[in-house]
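Undergrad: Protein sequences, first through last, are from chains A and B.
Be aware that the first sequence starts at 724, since it is given in this note's numbering, and climbs by one per residue.
Be aware that the second sequence starts at 244, since it is given in this note's numbering, and climbs by one per residue.
Heads up, some of the hints might be wrong.
In the DSS-like style, the derived pairs of lysine-lysine whose C-alpha atoms are separated by at most 25 angstroms in a straight line are [said to hold, decoys possible]: (1) B:LYS251 / A:LYS856; (2) A:LYS827 / B:LYS448; (3) A:LYS828 / A:LYS861.
If you anchor each label on the Cβ, the simulated ranges turn out as follows [to be verified]: (4) B:ASP333 / A:GLN814: 18 to 26 angstroms; (5) A:ASN759 / B:PRO445: 48 to 56 angstroms; (6) A:VAL933 / B:LYS456: 50 to 58 angstroms; (7) B:ASP333 / A:LYS827: 23 to 31 angstroms; (8) B:GLY383 / A:GLU727: 18 to 26 angstroms; (9) A:ASN759 / B:GLU418: 20 to 28 angstroms.
Hints in this document: simulated from the structure, not taken from any laboratory.
Even glycine gets a Cβ: it sits at the ideal position worked out from N, Cα and C.
Letter by letter, the chains look like this.
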Amino acid sequence: MADEVILLDFWPSMFGMRVKIALAEKGIEYEYKEENLWNKSTQLLQMNPVHQLIPVLIHNGKPVCESLVMVEYIDEVWKDKSPLLPTDPHQRAHARFWTDFVDKKVFDVSKRIWSTKIEENESTKKELIETFKILEGKLRDKPYFGGETFGFVDLALITFYSRFYSAEMFGNFSIEAEFPEINAWAKRCMQKDTVAKSIPDQKKVYEFLVQMRKQLGLD
Amino acid sequence: MAEENKVKLLGFWVSPYVRRVELALKLKGIPYEYVEEDLKNKSSLLLKYNPVSKKVPVLVHNGKPLTESLVILEYIDETWKNGPPLLPQDPYKRAQIRFWASFVHQQLFETWLSVLKSDGEVQEKALKEVLEKLSALEEGIKNIFPEGIQIIEHENVGLLDIVMISVFGPYKVHEEVLGLKLIDPEKTPLLFSWLTALLEIPVVKDSLPPHEKLVGVLKFIRHNALNPTSA
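Required output: the full structure, derived from the provided sequences and hints.
TA: Listed below in structure tokens is the structure:
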């Protein structure tokens, strides 16, 4: 029986993009369903009753939630192709530590930039700059965070590339200018077809956030 | 103990994150050296092994440090395969365990801390959120324990049990400090019977900090949060 794989997502979501990359890396065919977060489908509410958030992966009718849990699940089920995590337990622990770091220090922190008044962004910007300094240090002379090949940490962080332009416009700092190694790494990842097709255009994302901010009365 | 297999845990007795790593080591029967840190005067060892966040727990194995309790638990499970497994084999069940462990670790625990550190309306709102999240957990674990809670033994204590115990094992202490019911057998019968079953296991029960000592610390934390000293 063929696998039935469905992804409930919302196109600007950096979390959803991670899952799209993972599915593409594994060559998995799936049905993509775009959710309207202001009018959530019954399916979304049933499949993720706890958080009612996207992304949700539905595999043969069973839901998996939380983007990194989903990526590990995909890696374990479709284990014969393109491993996303290393095999060595210490390296796996390292990878998980850094993806957790990305979640807390990049994704959670940057949310403030899009959702608060521009004047209040100074301290958030400082935090993000510190974080990117640490990440650049971690990258050092390697092509990817995973070493020679694209891996779990690269996948977790690269989706933030979709927000580089927005960070520049709202946060008034340029990741490209201030972090040339991160910028080079991002461009390297974007050369992979699986990544490029999973990440929307930066300006399109910026326009979406501008709209959101108008609706929230921030600008 | 051979140098290459040496395991050291840097911890602080109050921290539920540390307690869960200790419990995992004990369940797996892994010998380790425990180093109690004074968090107001962090040792050079801690600063060397965790320069990024300078926090405990830090597990040092073969001289290499690891941080973040959930990351450490999975590492323990993958490295010491001869003890009881902390995660099931099936990928879907593993995903469920990871989802709920993250929910208890982050969502529930953080909201719970807000209850401890606030009063009045703020506390009421936080408490309401905790009780809602406990209800969500009660519903969620019905899929993990489809036949309800049977007897749990040392061999079947897993990652989610460990995380649950580390946060809510001392629930009677929390209830005493705050004068309210947290794990109500009528509202969340599955959670209540789950915790009760886990606390029957000696190694789990022993992992709880001493009742009176914890009452003292939690009262102290609450007092400091409600009466911050001015700069």
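Undergrad: Each hint should be assessed against the structure and marked as holding or not.
TA: Okay, the hints, checked on the actual structure:
Proposed proximity of B:LYS251 and A:LYS856 is contradicted: the alpha carbons are some 30 angstroms apart, above 25 angstroms. Distance hint between A:LYS827 and B:LYS448 is unfulfilled; the C-alpha atoms sit about 32 angstroms from each other, more than 25 angstroms. A hinted pair counts as satisfied when its Cα atoms are at most 25 angstroms apart, and A:LYS828 with A:LYS861 qualifies at roughly 14 angstroms. As the Cβ distance of B:ASP333 to A:GLN814 is approximately 24 angstroms, the hint placing it in 18 to 26 angstroms holds.
Against the hinted window of 48 to 56 angstroms, the Cβ-Cβ separation of A:ASN759 and B:PRO445 comes to about 53 angstroms, which satisfies the hint. Checking the proposed 50 to 58 angstroms range against A:VAL933 and B:LYS456 shows it holds: the Cβ atoms sit about 54 angstroms from each other. Distance hint for B:ASP333 and A:LYS827: a CB-CB separation of about 29 angstroms, consistent with the stated range 23 to 31 angstroms. B:GLY383 and A:GLU727 have their C-beta atoms about 23 angstroms apart, which keeps the hinted 18 to 26 angstroms range intact.
One distance hint, 20 to 28 angstroms for the beta-carbon pair A:ASN759 and B:GLU418, is violated here, with the actual separation near 42 angstroms.
Comparing the model with each earlier hint shows violations of hints 1, 2 and 9; every other hint is respected.
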